[in-house]
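Chains as they are written, first to last, in the working numbering: chain P, 1 to 292; chain E, 1 to 505.
Straight-line distance between alpha carbons at most 20 Å, and here's what the computed EDC-like set of lysine to aspartate or glutamate pairs gives: (1) K451(E) <-> D297(E); (2) K20(P) <-> D36(P); (3) K265(E) <-> E252(P); (4) K451(E) <-> E153(P); (5) K265(E) <-> D232(P); (6) K55(P) <-> D221(P); (7) K20(P) <-> E31(P); (8) K161(E) <-> E502(E); (9) K336(E) <-> D297(E).
Think of the hints as simulated: they come from the structure by calculation, not from any bench.
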Amino acid sequence: MSERRPAAAADRLPVLKTHKVYVAGKFPRSESGRFDRALAPDGTPIANICRCSRKDVRDAVTAARAAQAGWAARTAYNRGQILYRIAEMLEGRSGQFEALLAAGGTAPDEAAVEVQASTDRLLHYAGWTDKFQQVFSSVNPVATSHFNFSILEPMGVVGVLAPESPLLGLVSSIAPAIAGGNTTVVLVTGGQPLPATTFGEVLNSSDVPGGVVNILTGRRDEMLAPLAAHRDVDALLLCSPDPDVARSAEIEAVHNLKRAAVRPHEDWADVQSPYEITDLQEVKTTWHPIGS
Amino acid sequence: MTDSTPSTGLTAPKLRLGIRDGSDDGWGYAPAPESTDHVELRDRYGLFIDGEFVDAGDGRTFETANPATEEKIADVALASDADVDAAVAAARRAYEEVWSQLAPRERGKYVYRIARVLQERGRELAITESLDGGKPIRESRDVDIPLAAAHFFYYAGWADKLDYAFPGRGARALGVAGQVIPWNFPLLMAAWKIAPAIAAGNTVVLKPAETTPLTALKLAEIIRDAGVPPGVVNIVTGAGETGAAVVQHDDVDKVAFTGSTEVGKLIRRALAGSGRHYTLELGGKAANLVFEDAAVDQAVEGIVNGIFFNQGHVCCAGSRLLVQESVADEVISKLKDRMETLIVGDPLDKNTDIGAINSRAQLDKIEEYLEIGEAEGAEPFQTSCPVPERGYWCRPTLFLHASQSHRVVQEEIFGPVLAVQTFRTVDEGIAMANNTPYGLSGGVWSDKGAKAFRVTSRIRAGVLWANTYNKFDPTAPFGGYKESGIGREGGLAGLHAYLQPEAAA
Chain P
1 MSERRPAAAA
11 DRLPVLKTHK
21 VYVAGKFPRS
31 ESGRFDRALA
41 PDGTPIANIC
51 RCSRKDVRDA
61 VTAARAAQAG
71 WAARTAYNRG
81 QILYRIAEML
91 EGRSGQFEAL
101 LAAGGTAPDE
111 AAVEVQASTD
121 RLLHYAGWTD
131 KFQQVFSSVN
141 PVATSHFNFS
151 ILEPMGVVGV
161 LAPESPLLGL
171 VSSIAPAIAG
181 GNTTVVLVTG
191 GQPLPATTFG
201 EVLNSSDVPG
211 GVVNILTGRR
221 DEMLAPLAAH
231 RDVDALLLCS
241 PDPDVARSAE
251 IEAVHNLKRA
261 AVRPHEDWAD
271 VQSPYEITDL
281 QEVKTTWHPI
291 GS
Chain E
1 MTDSTPSTGL
11 TAPKLRLGIR
21 DGSDDGWGYA
31 PAPESTDHVE
41 LRDRYGLFID
51 GEFVDAGDGR
61 TFETANPATE
71 EKIADVALAS
81 DADVDAAVAA
91 ARRAYEEVWS
101 QLAPRERGKY
111 VYRIARVLQE
121 RGRELAITES
131 LDGGKPIRES
141 RDVDIPLAAA
151 HFFYYAGWAD
161 KLDYAFPGRG
171 ARALGVAGQV
181 IPWNFPLLMA
191 AWKIAPAIAA
201 GNTVVLKPAE
211 TTPLTALKLA
221 EIIRDAGVPP
231 GVVNIVTGAG
241 ETGAAVVQHD
251 DVDKVAFTGS
261 TEVGKLIRRA
271 LAGSGRHYTL
281 ELGGKAANLV
291 FEDAAVDQAV
301 EGIVNGIFFN
311 QGHVCCAGSR
321 LLVQESVADE
331 VISKLKDRME
341 TLIVGDPLDK
351 NTDIGAINSR
361 AQLDKIEEYL
371 EIGEAEGAEP
381 FQTSCPVPER
391 GYWCRPTLFL
401 HASQSHRVVQ
411 EEIFGPVLAV
421 QTFRTVDEGI
431 AMANNTPYGL
441 SGGVWSDKGA
451 KAFRVTSRIR
461 AGVLWANTYN
471 KFDPTAPFGG
481 YKESGIGREG
491 GLAGLHAYLQ
501 PEAAA
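Build out the structure end to end from the sequences listed, making use of the hints.
If you want it as structure tokens, here you go:
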């Protein structure tokens, strides 16, 4: 069969992509109409990104809350398959992510390693969905005639301040949260936002229900405080090496006693364990009498 | 449900067994007071720092009294910031030089010793607990003291098994723990705090509540007599300022607090960004749901146990009764009859069901809520039993026809006061149960197993009791969702609160 494709035209104008946010399974722009520029390391603008507002944060929390009960009610097997599907989609688009990372300043060979590690990380947590409960729950031998057990339940809606690490860090913070049945609002405030906006497309083609992961781009000083203070957010995952960032978010979180996990890592290569899942789980103990 | 008329058709005259109201018809119980003659109580108690009892540096003291008689029992040292400094320094020294160097097996033996002596001195401790805190001797004897001993016994065994605490990881102690406990279960809370902490290899500074310091100080004697190295456990008595000094101390690695949500939030704020470990066991407003397919008589017992156990001074008390409309009349009628048999009075009397309210301040708070509940339109019901003239007492109380907006439904009263609401469908009952910022506990009464499992799984709380209530065990993790706290005590989860996993190899 002969090659019918026309040769790439040297004078063809490329189609540029509009990078939007990912909320409730859709790709809206910020309600504020504002934008920021994603820059190459030399300061050249690469793309416009949404500069989300506190209203966008609230909308994303609403979406995450709406999705939470349904996501937690999925079987562990089903959640595992969906995380596996995310890995499949990421693998299939590895070239695109390598290019995005490279455009943001990651060396090409490192970009390839980062995309592979991110895919493998998703696979790792896909396998945990139907195992962490077995490893970490317990039947408790109480001294009365009761069947007593403690199981893990998702905390609920988790607000994630995504790390600077543009893909591996992003994946490493989202995957354990959703593997355990939480839904997330992810704030992308680092210098390389484009892998995150594109990762929303991966999620959207992986049977992840809308609202399970919501990804907002913008500025930390505009979005983190409203997210940390939001009464309908149950927990925070604060990925920042700056202790003042974690401290100020934790103070905002006090009034509904959000749980807060802090991840100061800059290198995310080894941040992988079931404890990343259990740190976003509650322990529930149930007593049933044994008798006639 | 329109009034208190029983719908069961039962017209038998009420038997008023156990009521001692002066109109005794011969059915009343004779007094059965527990003898106190062998209990040694000193007039004056010091702080327990570095293995010795010492006066406060500035010589200040406060009084602890018997809430059933309002009479002073003893003067107790009031720890200042300087005393807390000394206690933390002793704990640090003991951690660095002794406790962390000791073979885990030997560490465990000390903890076992404490458990054993608690059992040996159980009767004395039970009486002391009832004298100092007002709880019925039946509860201090059968619940508080045996469970306290059981906690030490359980955690003692963990001391040489920490390698199994975190699958795939090693474990190490945190260092010095600063711990503050409330007055509702004085010795038991001390055990919940101290046992896992020292078994895991930490040392502690514990502050008991100012109205109930005596059993913790007796525990200090036991710890000293057990030969536990000086400084491993330090006990500093005082009020809120002393507690604040403990939890905010710079050289404390871990804070454990049981108390009000309000104070818990202040502590959480103070710890923000510090990287220190913490567990908070805070308030609750638990729903006790009775479905139409419940065994009603058992449910009534469970409702009574849920709210009137320990005068309702229980963070996980079933203080909201949610009863399905179709059985509401019957349940409430039987509940009222059962409540009429409850004996309020001398905590040391073995017949007493409801002892003294722990303090004047707590009684004032409860009485304020009784006024609020009535003013907001709920219908009060209080039993007719007599109460002693001196001391702090509150008869068991219901607020019928309470609604979600009522403060007696939303706020923790911490007394023998039960708000009653009704629901129609299972989903409505669950939604009402979850309509609270708290999430410590909940109860479900239904003879349908599948329904009980489903409802317990949908209530957002840390401890769920199905067809039972207010059961506790050292192996069973306890702690809250939402604003009822962060972290767990009891079981392996409670051990985790005093350890950190080592980094992956």
